[in-house]
Amino acid sequence: MTQQSVRNAVIIGGNRIPFARSNTAYVNASNQDMFTAALEGLVARFGLQGERMGAVSGGAVLKHSKDFNLIRESVLGSSLDPATPAYDVQMACATGMEAIGSLANKIKLGQLESAIGGGVDTTSDAPIAVSESLRAVLLELSRARSTKDKLKALAKIRPAHLAPSAPGTGEPRTGLSMGDHQALTTKAWGITREAQDELALASHKNLAAAYDRGFFNDLVTPFNGLAKDNNLRADSTLEKLGKLKPAFGKNLGDEATMTAGNSTPLTDGASAVLLGSEDYARSHDLPMLANFVDFEAAAVDFVHGTEGLLMAPAYATARMLQRNNLTLQDFDFYEIHEAFAGTVLSTLKAWEDEEFCREKLGLDAPLGAIDRAKLNVNGSSLAAGHPFAATGGRIIASTAKMLHEKGSGRALISVCAAGGQGVVAILEARS
Amino acid sequence: MADKYMELVNSGATKKLAKLLGLPRPPRLRRYAPESPLLPGPLLVLGASTHAQELSDVLVSWGLDVRRHDAGDAKLGGILLLLDEMDHPQSLSPVMLSAGRALRQLLPGARVVSISRPAKAQDAPAIAAVRQGIDGAIRSLGREMRGGSTANGIVLEESTTPVSPSALAALHFFFSGRSAYIDGQFLTVRTEDGALPADFAQPLAGKVAVVTGAARGIGAAIARTLARDGAQVVIVDMPQAGDSLAKVANTIGATTLQLDVTAPDAAQQIMDHAIGRHGSLDIVVHNAGITRDKLLANMDAGRWDSVIAVNIASQLRMNEAFLAAKLPNLRIVSLASTSGIAGNRGQTNYAASKGGVIGMVRSSAKLFAEQGGSVAAVAPGFIETEMTAKIPLGTRTVARMVLPSLMQGGLPEDVAEAISFLGSDAAAGLNGQVLRVCGQSLVGA
Chain A
1 MTQQSVRNAV
11 IIGGNRIPFA
21 RSNTAYVNAS
31 NQDMFTAALE
41 GLVARFGLQG
51 ERMGAVSGGA
61 VLKHSKDFNL
71 IRESVLGSSL
81 DPATPAYDVQ
91 MACATGMEAI
101 GSLANKIKLG
111 QLESAIGGGV
121 DTTSDAPIAV
131 SESLRAVLLE
141 LSRARSTKDK
151 LKALAKIRPA
161 HLAPSAPGTG
171 EPRTGLSMGD
181 HQALTTKAWG
191 ITREAQDELA
201 LASHKNLAAA
211 YDRGFFNDLV
221 TPFNGLAKDN
231 NLRADSTLEK
241 LGKLKPAFGK
251 NLGDEATMTA
261 GNSTPLTDGA
271 SAVLLGSEDY
281 ARSHDLPMLA
291 NFVDFEAAAV
301 DFVHGTEGLL
311 MAPAYATARM
321 LQRNNLTLQD
331 FDFYEIHEAF
341 AGTVLSTLKA
351 WEDEEFCREK
361 LGLDAPLGAI
371 DRAKLNVNGS
381 SLAAGHPFAA
391 TGGRIIASTA
401 KMLHEKGSGR
411 ALISVCAAGG
421 QGVVAILEAR
431 S
Chain B
1 MADKYMELVN
11 SGATKKLAKL
21 LGLPRPPRLR
31 RYAPESPLLP
41 GPLLVLGAST
51 HAQELSDVLV
61 SWGLDVRRHD
71 AGDAKLGGIL
81 LLLDEMDHPQ
91 SLSPVMLSAG
101 RALRQLLPGA
111 RVVSISRPAK
121 AQDAPAIAAV
131 RQGIDGAIRS
141 LGREMRGGST
151 ANGIVLEEST
161 TPVSPSALAA
171 LHFFFSGRSA
181 YIDGQFLTVR
191 TEDGALPADF
201 AQPLAGKVAV
211 VTGAARGIGA
221 AIARTLARDG
231 AQVVIVDMPQ
241 AGDSLAKVAN
251 TIGATTLQLD
261 VTAPDAAQQI
271 MDHAIGRHGS
281 LDIVVHNAGI
291 TRDKLLANMD
301 AGRWDSVIAV
311 NIASQLRMNE
321 AFLAAKLPNL
331 RIVSLASTSG
341 IAGNRGQTNY
351 AASKGGVIGM
361 VRSSAKLFAE
371 QGGSVAAVAP
381 GFIETEMTAK
391 IPLGTRTVAR
401 MVLPSLMQGG
411 LPEDVAEAIS
421 FLGSDAAAGL
431 NGQVLRVCGQ
441 SLVGA
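Sequence lines, in order, name chains A and B. Residue 1 is where the first sequence starts when you use the numbering used here, and the numbers rise one by one after that. Residue 1 is where the second sequence starts when you use the numbering used here, and the numbers rise one by one after that.
Accuracy of the hints is not assured; some may be wrong.
[What the hints assert, rightly or not] Using 35 Å as the maximum straight-line C-alpha spacing, the simulated DSBU-like pairs for lysine-lysine come out as follows:
1. A:K228 / B:K366
2. A:K148 / A:K240
3. B:K75 / B:K16
4. B:K326 / B:K390
5. A:K66 / A:K205
6. A:K228 / B:K120
7. B:K326 / A:K406
8. B:K120 / A:K63
9. B:K247 / A:K205
10. A:K228 / B:K247
11. B:K247 / A:K66
12. B:K366 / B:K326
Keep in mind the hints are simulated off the structure, nothing from the lab. If you're wondering where the values come from, they're calculated on a predicted model, not measured in any experiment.
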């Protein structure tokens, strides 16, 4: 099927709560509280009270087992029509991208008229599981019928079992944290500490400027006493960033370049994006900010060291450009999620690298350089923070608004994810 | 706290005690509910007017039990005084004395409303005397009313009659529970403009209304009331208040616009949102306001300038933009304050801004009328909100109970009712009005 034979999916608007560093403003908020708040702000902005949406889709990376129906429960706690279907999606940090992209596809196919996609995450209210050995004993206890069997099972509990098992950001197959993985990639591509700090500084300056000009007035709704992302350091300088000690890749010694300043912190937050068909937007007098043109996922084999953990978007982008007959330079905005400054810079360098593009992407020529003035112009995750599943919705809503303000052009969005995955997307201004 | 006190002095054994001790007993006010009757009992009509029969027909059509001249011993829901043809102070006597005898028959929450003509410099001395005398008499009667009853008046400019659309609308408003906290006040009918609503319960049906400062307090109450009265509401507040704003929106089906009203393009953003999303902009309620109280001797530029910028400069700038956009039939209602009329210690900056609103409204009436629109202001007295909760307890208790004729603070809803009325098409003939909602007091924020 060609792109022309399906109808447009349009981005109408978005809403998120300010992002908060872990264990700060949202310490007592659950994923459900935060996603419901993001939904409620969206409902209020667009007058969706009592409206039955085609679907609401989203998810969280860190999830309690009680949140098996997180998005549906959030819908039930919102002002939307309770007859709105909802479902959870999970694709690590690309959760929001996958949720929104799939909803856009359903709209394009005429299966949905309207939809809300997004995501939420908290590392403050993270689930803590009992140890595997205690879990085995407890399951045995629940299967025991007689009192004797029950006592037998209980007798197996040892003090050591009580140590809880908290979730980490380590990759299950390598045991390395995401940052330590990226440190390998950053070193392999020869990304300097200065270049990473400069990118981090630009992120803070751009985000602060965007807040100052009111860019987020119709994208963010305050929550729990917070009106702005509290990771934002408008007064950050290269000197301050330069003083920070390495946080990842410490085994690299003097060559370690990744600090808490040029890596995203653990963050709490939620985002939601409203999408619809053109008919839906028109009949509800809603704005149409941008078309959701296409999206593509990729995955790489990081386990055997053949590729860096967070390099999948480089591959996804090449495939998506080819499918859409576009070059990397055909864009007016580049929104590359700043998991780490090193991720963005490694990706950019890979696209410029002839050998990488030929050997890994199978291209005759490198994708080439981008105009850095078009990169993350209103700040990105290094400044805003990165509540894993909420990042996709943050970027898509902001990017759609940027295209609407410009009135023309195209944007490339790239989000890397744990497990060696990544999702990229193209948005286009409405002409 | 006011509620608890009111309950104690109005019920059971504590009521007797309160009576015995001579404690002020604030009455329960008769507030509007869509299903409640216009008046709590029959209406006695006193006085004479060439439009008496015509008027009486309208009153009957409103479902009122109308009694002319004499109601016997019947309990009464209200008294209407037709005084528009009085020509000498001596002629007031029979009507006022008849009204006086009927006062004892009034039910709680009753209404006395006079209809008269304005005293003008060019009037013959005796005519001006009686007209101005009515003003004093009604204001005094307001202070004598009991049980949550009120006395207010309608003043008819020479080109209008008791059955002009806005005269009837004002009468309906004063009779209804919508005017619960208004006492001793006058509405002046200036033109024949205006049209009565097809349904008095939905006077704003089909209208798109914008309310600034709507995240809480009086603004949120205005938003709720306009929505109840049929309007599609857009609510505006500072981005920092967005979560409260969303909560208000989601209870009344409004849309939110997070916006600082002092932004240079505030009016444009409001028009873009209202017209783009809801098809038109019919009513703007300039409610956003701040207080930064300090004695003038201790005042700094930050406090003075921010109050002026938010409370009046933003309204002037927005109104200019609305006028330039030539929106047809746009109705503006601004929040003034009794501080801007009578002054208030520690509020020179606030009173300058609120007095400014009154001046702006009077001067803008003609400009908006040229485009079929109107402008008005409501001056609240002591209204129980988060803002007034910051006033020291002693001052607050005195302000809410002793000074106003109605012996209590008003509620945000009381202000909202007046705003909704003045923003309706029926009030077009009241253009340029400043209406106090103060329980007949002059203290407030």
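Quickly compare the C-alpha distance for K366 (chain B) and K326 (chain B) to 35 Å and report which way the hint goes. 14 Å, holds
Check whether the Cα positions of K148 (chain A) and K240 (chain A) lie no farther apart than 35 Å. The given pair, whose Cα atoms are some 64 Å apart, is violated under the 35 Å limit.
Can the restraint linking K326 (chain B) and K406 (chain A) be considered satisfied, given a maximum Cα separation of 35 Å? 28 Å, holds
Does the structure keep K228 (chain A) and K366 (chain B) at a Cα separation of 35 Å or less? 43 Å, violated
Pairwise hint evaluation, K247 (chain B) against K228 (chain A), where the allowed Cα distance is 35 Å at most: Status holds; Cα separation ~19 Å.
Can you confirm whether the C-alpha distance between K326 (chain B) and K390 (chain B) stays at or below 35 Å? 41 Å, violated
Tell me if the straight-line CA distance from K75 (chain B) to K16 (chain B) falls inside 35 Å. Holds: K75 (chain B) and K16 (chain B) sit about 24 Å apart, inside 35 Å.
Hey, K66 (chain A) versus K205 (chain A), does the alpha-carbon distance stay inside 35 Å? 40 Å, violated
Checking one constraint from the list: CA of K228 (chain A) to CA of K120 (chain B), max 35 Å. Satisfied? 57 Å, violated
If you draw a straight line from the CA of K247 (chain B) to the CA of K205 (chain A), is it 35 Å or shorter? OK: K247 (chain B) and K205 (chain A) at ~32 Å, within 35 Å.
Within a Cα-Cα threshold of 35 Å, do K247 (chain B) and K66 (chain A) meet the stated pairing? Roughly 27 Å separates the two Cα atoms, so the pair holds.
Holds or violated: K120 (chain B) with K63 (chain A), Cα cutoff 35 Å? 76 Å, violated
Figure legend: structure checked against the earlier numbered hints; hints not met, in rising order: 1, 2, 4, 5, 6, 8.
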